[in-house]
Amino acid sequence: MEDIQVLEREALRDKPDIGFKSKPVYDFFKRVFDIICSFLALIVLSPVLIVVAAAIMIDDHGNPIFVQERTGKNSKPFKMYKFRSMKLNAEEELESLSEFNEYNDVHFKMDNDPRVTKVGAFIRRTSIDELPQLLNVLKGDMSIIGPRPFIPSEQEQLPSDRLLVKPGLSCYWQITDTRKLTGEEQLELDYKYIRERSAATDIKIIFKTIGVVFKHNNY
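Residue numbers (this note's numbering): 343 to 561.
Keep in mind that a hint or two might mislead.
Below, computed lysine-lysine pairings styled on BS3-like, alpha-carbon distance capped at 30 Å [said to hold, decoys possible]:
#1 Lys363 - Lys557
#2 Lys481 - Lys363
#3 Lys415 - Lys546
#4 Lys460 - Lys534
#5 Lys418 - Lys534
#6 Lys365 - Lys460
#7 Lys415 - Lys550
#8 Lys363 - Lys429
#9 Lys481 - Lys550
Hints in this document: simulated from the structure, not taken from any laboratory.
Generate the whole structure from the sequences, applying the supplied hints.
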């Protein structure tokens, strides 16, 4: 199994040119859109953010915000914010759970992860855990729509050309049933977005993301 995974990861790294085109006008207006939307969303959702933070602290004492380094546009690292959905020592337990990984590629996910708290299970199912990333969007680390950012050790196993655009809160493969997508298929969807990115594409993904969140089928 390990040999197969190594071959799959090597295949992911060795990709042909994806047809990237610079779009400065689109990029400018997208940044304006990101600033306005993230700023307004943080104001409107501030009561929710406060309640969720308090619930996390009551359920599992400690900082309600989880900060983790991710790889951004042009391989620039940044600190990504999420509501903490796992126990404080979750990172230390990851290695012992590696055999239960549902993916054969670069990232980890498993059903009934024992590290997830009661509140964490709810905020994951509803995507509320992702709301602090609005701060990343406001700062310019991320965009509302774009390929999801990976931690450096995961991104090292992927082609750098998926980093030609800013990472986002949502993307093509997040509005698809990710449990049925291989790492190769997720990468192809990232390339699809990079090629097709436009205001119309972003709006389409935003509305589909809202639908996925309300159906609670993103996890």
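Tell me, which hint numbers fail for this structure?
Hints 1, 4, 6, 8 are the ones this structure does not satisfy, whereas the remaining hints hold.
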